[in-house]
Amino acid sequence: MNLILKVWRQKSAHDRGRFVTYEAKGIGAEMSFLEMLDVVNEELVGRGEEPIAFEHDCREGICGACGFMINGVAHGPERGTTVCQLHMRSFRDGARLTIEPWRARAFPVVKDLIVDRDAFDRIIQAGGFISAPTGSATDANAILVPKEDSDRAFDAAACIGCGACVAACPNASAMLFTASKVTHLGLLPQGQPERYDRVRDMVAAMDREMFGSCTNIGECAAVCPKGISLYFISRMNRDLLTASFKGRERFKALTAAGPAA
Amino acid sequence: MGAEAQVGRLAADPADYRLDAKIPPGPIEQKWDRHGFDMKLVSPANRRRYTVLVVGSGLAGAAAAAALGELGYTVRCFSYHDSPRRAHSIAAQGGINAAKNYRNDGDSVFRLFYDTVRGGDFRAREANVYRLAELSVNIIDQCVAQGVPFAREYGGLLDTRSFGGAQVSRTFYARGQTGQQLLLGAYQALERQIGLGTVTMHTRAEMLDLVVVDGRARGIVTRNLVTGAIESHVGDAVVLATGGYANVFYLSTNAKASNATAIWRAHKRGALFGNPCYTQIHPTCIPVSGDHQSKLTLMSESLRNDGRVWVPKTVGDTRPPDQIPVGGRDYYLERKYPSYGNLAPRDIASRAAKEVCDEKRGVGPGGRGVYLDFTDAIQRLGEPAIREKYGNLFDMYERITGESAYRIPMRIYPAVHYTMGGLWVDYNLMSTVPGLFVAGEANFSDHGANRLGASALMQGLADGYFILPSTLGDYLARAGPVTVDAGHPALRAAEAAVRERVTRLLAINGKRSVDSFHRELGQLMWNYCGMARNDAGLRYALVKIPELRAAFWENVRVLEGNEEVNQSLERAGRVADFLELGELMCLDALQRTESCGCHFREESQTPDGEALRDDEHFAYVAAWEYTGTLARPNLHKEPLHFEYVHLAPRSYK
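Each protein sequence line maps, in turn, to chains G and D.
All letters in the first sequence, in the order written, are residues 1 to 261 by the working numbering.
All letters in the second sequence, in the order written, are residues 1001 to 1653 by the working numbering.
Hints listed in this document are in silico derivations from the structure and should not be mistaken for laboratory results.
Each hint should be verified, as a subset may be incorrect.
[Said to hold, decoys possible] For lysine-lysine, the following DSS-like pairs were computed, each having C-alpha atoms within a straight-line distance of at most 25 Å: (1) G:Lys25 - D:Lys1511; (2) D:Lys1360 - D:Lys1336; (3) G:Lys11 - D:Lys1511.
Bear in mind that the values here come from a model prediction, so they are computed numbers and not experimental data.
I would like the entire structure built from these sequences, with the hints used as guidance.
Written out as structure tokens, the structure is:
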């Protein structure tokens, strides 16, 4: 099959960027979308033109490195699929496809389709963990976790950190990403001691990174390649609300004890 | 004892060379404990004065960086990805072994040790493997404490499953995404340390050289993949946790960026390379579909718990699978290996698949495939139970092939998956360059000639969480803090060498793309150094690879631009190193005229076609020393002794 690609080209963060049109010829239906771009790039290199830069690594839909918009949809038309696992049989011959990077203030473009997603790492740094220094653990079966909680925690933990949720959201909010980690850890007994500090700190970090607010549109969950549910956002909001009361109690305790505490 | 006495140094004369594995004395079950007491400690107040450079942020690297940070060392961690969470450990599907014996099915540390030594076809060090089996228990505890959502039973206890090469159920798992969950556990521990300021993370930084000062590893040179800046970093010790080199075959299950550059440059700076030819070919991957294929996708070995492998009994039977009656099917693994059946180890299952396809009984386009059939399991357990266990794998299979494995048997074929070879390390995980430690898949250590399923995650985390934090501290305590000035000539020289190489690659301006060279190398390696090897084929490859390398340096086309992201430049550097490493792999495969584990020499087989080991001549680790000439490396041998697992032919019949 043959396709017309309108691709965002931007040399660096300082360049203005623009769309450039390319033809992709002789594409097989069994190829993945990224293999189609490989073919285009080989041709560009052959002509001495700079290949289209895009991020990718595992090509199995799990590392979260790849991702861009295809005709305005994050990761393209197939549900629950990253662009590396999207196959050309999903497109018809002669299709015109607009390919552009994630657009969000918190994700500045590095080059072409590559964006900087460091903000996600900083949200995790703010509290997306259980403080369990190496060597301090008890026997694994000493901690009982109801299967239902464990399964649901896994559903949340399946997030690959690709950033599609942010790109799809009209507000460029990172709620689904943050909520998935808050819920994963907050559902487990091991995560209880830090549960409310975690949600407060991670949401604060999210705001610092200039992600937008959530207005319950649900685009994020619709494009999430791992099918992470909006339920987790409501669960995080509940924890955040509880945290605000707990926080006040702690604040009172601190002020009652005097500044030295 | 000074720093020099405790490390295996390169002697001036290769004839005097002694590879000292530094295996502690005493009974095997006491070695690690005793060693723990014999090792020197760095006092907590002094730890921050020592800087450790950790290259790679997969299971081994992230775990090591986090654990060293927790101890209070100053850690700098490097990754060529945009985030440490992208490392390819994330793609491991099936599970992680631990000798917990939660199933009461007769498992023990000794049995896991025994299975692993035997699974590796008696080509691993007993003491290392025993320690790995011991630590497996702590790993599961640690991961649960971090919140890794392992699969659980209704009573809230951990679930386990069986894996190839074992008759007990000791594999802990998180659906088909165990690697992802373990890596995220390590990643979160690492991010916590970054937040606390003990670890500094350098992303999009690719290590391109090792800096050795006065015989010790003291730094690395990196290239910033966004700005092109060449920078050097000084430390008191360097840890390489940079993964394996299966991408030398071009098509493999490794991630596209996985490469050998860090370990290869360290090799050229004096680190010996152990058993480079030991390559694992995984039996259950999705078959190649076309010429433009960029990588292969693994289907977890755990599928062999419930799937049955078969091909048509007769050549030319092209009926759809559901129309071939049971009598017309050859369940060849169950037929040939009745006691392990579909759970025969990887090397054996892969060779058996190749054999039936060579007999022209393979299925699918090109006849390079066998069926992995779930019909019986679906009838017995119901579709929901199968979906619960393997849902994401079935979905992935359907996305790639367009077929539903709930209705049509999967088609699978072996693919390159893992490399057991890597930089030679002693019991302390230190290479032959003092101060250079190597962890995870990047070292050669624990899997011998064949790795059992669910052992890679175990090894990466054992190295990172538990072994390095002790052994590296011992090294630092003995070596003491010695400052290397940021302007030291060795640093400047290494930087200049890296710069010169980048400039050289950019200046070739030839006609062929980097990928076309990589594909050609991969084809050579797959044909002559793949699932079956022979003298003539290896010698042929040893002529062809240097020719291809010369052509590369004359005719590769790398587009200009060093001050911005230049992905073809990144790939060119990696392929240039693969073109050298491929030759060493063939040399190693050529000298080892026995068959063992994944290394199958056609000249050395039993009458019924099984691998035939030659313990009298080959019970050693082959450790190669770079001499300045790629074609003539020096071979050093570390003899292997088996005191606890009786050397015996390996049979799964």
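Hints versus structure:
no.	hint	verdict
1	G:Lys25 - D:Lys1511	21 Å, holds
2	D:Lys1360 - D:Lys1336	18 Å, holds
3	G:Lys11 - D:Lys1511	24 Å, holds
When held up to the earlier numbered hints, the structure conflicts with none and fits them all.
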